[in-house]
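Trainee: The chain contents come next:
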Amino acid sequence: MTADVVKLKVCMAGEAMVGKTSLIRRYVLQEYDDRYTATLGTKITKKVLAAKDPKTGRDVSVSLILWDIMGTPTLRDLLKEAYYHGAQGVLGVADLTRKETLRELDAWYRSIQTVAGPIPTYVVVNKADLVDEAALDEATVKTFCEGRGWPWSSTSAKTGKGVEEAFVALVQGVLAAQG
Amino acid sequence: MRRPETSVLVNEALRRNGDDPDALFVLAALRVQDGHPEEGLKILDHVLVIDPDYPGAWFFKEKIHRMRGEAWAADSARRQGEAVDG
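Quick mapping for you: the protein sequence lines, in order, are chains X and H.
Heads up, the first sequence is in my numbering, so the first residue is -15 and it goes up one at a time.
Heads up, the second sequence is in my numbering, so the first residue is 383 and it goes up one at a time.
Mixed in with the good hints, there may be bad ones.
Only pairs whose alpha carbons sit at most 16 angstroms apart, straight line, appear in this in silico EDC-like list of lysine to aspartate or glutamate [said to hold, decoys possible]: (1) X:126 to X:90; (2) X:27 to H:402; (3) H:424 to H:387; (4) X:83 to X:37; (5) X:83 to X:116; (6) X:-9 to H:401; (7) X:142 to X:-12; (8) X:36 to X:90; (9) X:31 to X:148; (10) X:142 to X:18; (11) X:27 to H:433; (12) X:27 to H:435.
From chain H, some residues computed to sit far from chain X (all C-beta separations above 12 angstroms) [to be verified]: (13) 422; (14) 438; (15) 451; (16) 452; (17) 453; (18) 454; (19) 455; (20) 458.
FYI, nobody ran anything at the bench for these hints, they're computed from the structure.
Quick reminder that beta carbons are idealized off the backbone N, C-alpha and C, glycines included.
Here chain H stands alone, though its shape is the one from the complex (with noise of 0.2 angstroms):
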């Protein structure tokens, strides 16, 4: 048996659910990591809008404004997550 795709489970996962925060949170990373951090950072927004607590989604909008060069709206981002997450 293996484990099967992370894109087959969050289709899945959004298939019974499209506000399902683990898969939207997988889904964001699985945009970023495909070039679209833009996309990533969009989903993200909309998962911490159904979970502003959701565990390590500031942290990882903190790195994706890094990445796009807005280090105001990482650091904000930061605050929250140490906020959030400790």
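Isolated chain X (complex conformation) (with noise of 0.2 angstroms):
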């Protein structure tokens, strides 16, 4: 019996220089680029994965779109109806070495909302490669995520930590949530 198909559009969320780009280059290609290239406008990467439906636990094939859009708040709410529109899931993405990423996973989150609705959110502290230069402890993650339903984990783009894992645990996440 074939799988059946499942499309999910799932959002990046985060500020500028995050790695967002990163964690979807390394999860859907395997590759990694230490020369940072701001994404300007609105980057689509397709990727299909087998999955069990949490609910069903039949084999699902789901075949996951994921938006990039840029890290640039100023035109966040401009642009909310355009990136969002029909969004199922996000991953929010913040920055071990710059504390301030972490906080502002909730504006990036308010402004998802209005479009999408409460839709499920996985967190990642990327760039965990950096442990020396880290200015968020696991503590501070810990408290601000599960005090806001999100679960979370941490990886590194540039080794690959955790990232499979990051985006199948979102996944996993809203199939959970499909009405």
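Put the two chains together into one complex; each comes in its own frame, and the hints tell you how they fit.
Mentor: Written out as structure tokens, the structure is:
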């Protein structure tokens, strides 16, 4: 029997330079580039993955559509309908070396919620490879995320650590929330 | 290192390619943000000629038309957006 196909739109969220594009590149292409290229406009990347529907236990083929957007807060509200219409999940990205990037996820989430409603959100604290420059500790992240009901984990787009697991966890959360 | 100003990135990209849809999409947003929705709309329409499936462009067009009180055009853009972006 062939698996059901489920199409999911997931949006990346977070400040500029936290590694949104790098996380997608690592997850989809298994690539990493140290040079920073600012995202302009919207980039869509697709990935098909096998998953189990947590509600039915059935195998599903997930066609994941990842929306990578500019981390430009000044245009966030103006472009929120363009970016977030029909979004079913959010991968919020913070940067281990910049404390404020965690706090700023609240503003990104508020903007998304006004368009897409209270959709599942998963947070990654990226750049785990830069542990010597850490500005966030586990307790702070835990308190922040648990208070909002957001599961979270650490990732490194550079080494690949935790990247696939984070996207899979988000997909599972989105599938579990589907009506 | 800091992210360069968005307007600088847009200008650089347009110098390389005047029809860069990403740069034009953002330029449209910058024009709207600066209080010139009619210019933004014109640029956005050009984006949609270059790439009728440009992600989010139809919903942004809907928003600009609503800002201008053009309900019929906004509804039409929304329908196009639903068809393209789902």
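Trainee: Next step is simple, just say for each hint if it's right about the structure.
Mentor: Checked hints:
For a cut-off of 16 angstroms, the pair hint linking residue 126 (chain X) to residue 90 (chain X) stands: about 15 angstroms separates their Cα positions. Of the supplied pair hints, the one linking residue 27 (chain X) and residue 402 (chain H) holds, its CA atoms being roughly 13 angstroms apart against a limit of 16 angstroms. For a cut-off of 16 angstroms, the pair hint linking residue 424 (chain H) to residue 387 (chain H) is broken: about 23 angstroms separates their Cα positions. Between residue 83 (chain X) and residue 37 (chain X), the direct Cα distance comes to roughly 35 angstroms. Violation of the 16 angstroms bound is thereby established for this hinted pair.
Distance check on the hinted pair: residue 83 (chain X) and residue 116 (chain X) sit about 14 angstroms apart at the alpha-carbon level, within 16 angstroms; holds. Distance restraint check for residue -9 (chain X) and residue 401 (chain H): the Cα-Cα separation of roughly 31 angstroms exceeds the 16 angstroms cut-off, and the hinted pair is therefore not satisfied. Distance restraint check for residue 142 (chain X) and residue -12 (chain X): the Cα-Cα separation of roughly 33 angstroms exceeds the 16 angstroms cut-off, and the hinted pair is therefore not satisfied. Restraint check: the Cα-Cα separation between residue 36 (chain X) and residue 90 (chain X) comes to about 30 angstroms, which exceeds 16 angstroms; the hinted pair is violated.
Of the pairs offered as hints, the one joining residue 31 (chain X) and residue 148 (chain X) holds, with about 12 angstroms between alpha carbons and a cut-off of 16 angstroms not exceeded. For the hint pairing residue 142 (chain X) with residue 18 (chain X), the CA-to-CA distance comes to about 8 angstroms; that is within 16 angstroms, so the pair holds. For the proposed pair residue 27 (chain X) and residue 433 (chain H), the alpha carbon gap of about 13 angstroms is at most 16 angstroms, so the pair holds. Our distance criterion of 16 angstroms between C-alpha atoms is met by residue 27 (chain X) and residue 435 (chain H), whose separation comes to about 12 angstroms.
Residue 422 (chain H), annotated as away from the interface, has a beta carbon of chain X within 12 angstroms; the closest lies near 9 angstroms. Distance check on residue 438 (chain H): its Cβ comes as close as 3 angstroms (rounded) to a Cβ of chain X, failing to clear the 12 angstroms threshold; non-interface status is violated. Distance check on residue 451 (chain H): its Cβ is at least 17 angstroms (rounded) from any Cβ of chain X, clearing the 12 angstroms threshold; non-interface status holds. Distance check for residue 452 (chain H) against chain X: the nearest CB is about 15 angstroms away, which clears 12 angstroms, and the non-interface claim stands.
With a cut of 12 angstroms on Cβ distances, residue 453 (chain H) stays outside the contact zone with chain X, its closest approach being about 15 angstroms. Under the 12 angstroms C-beta cut-off, the non-interface status given to residue 454 (chain H) relative to chain X holds; the minimum distance is some 18 angstroms. Once the 12 angstroms rule is applied to beta carbons, residue 455 (chain H) is consistent with being away from chain X; the minimum gap is 15 angstroms. The beta carbon of residue 458 (chain H) is kept farther than 12 angstroms from every beta carbon of chain X, the shortest such distance being approximately 15 angstroms.
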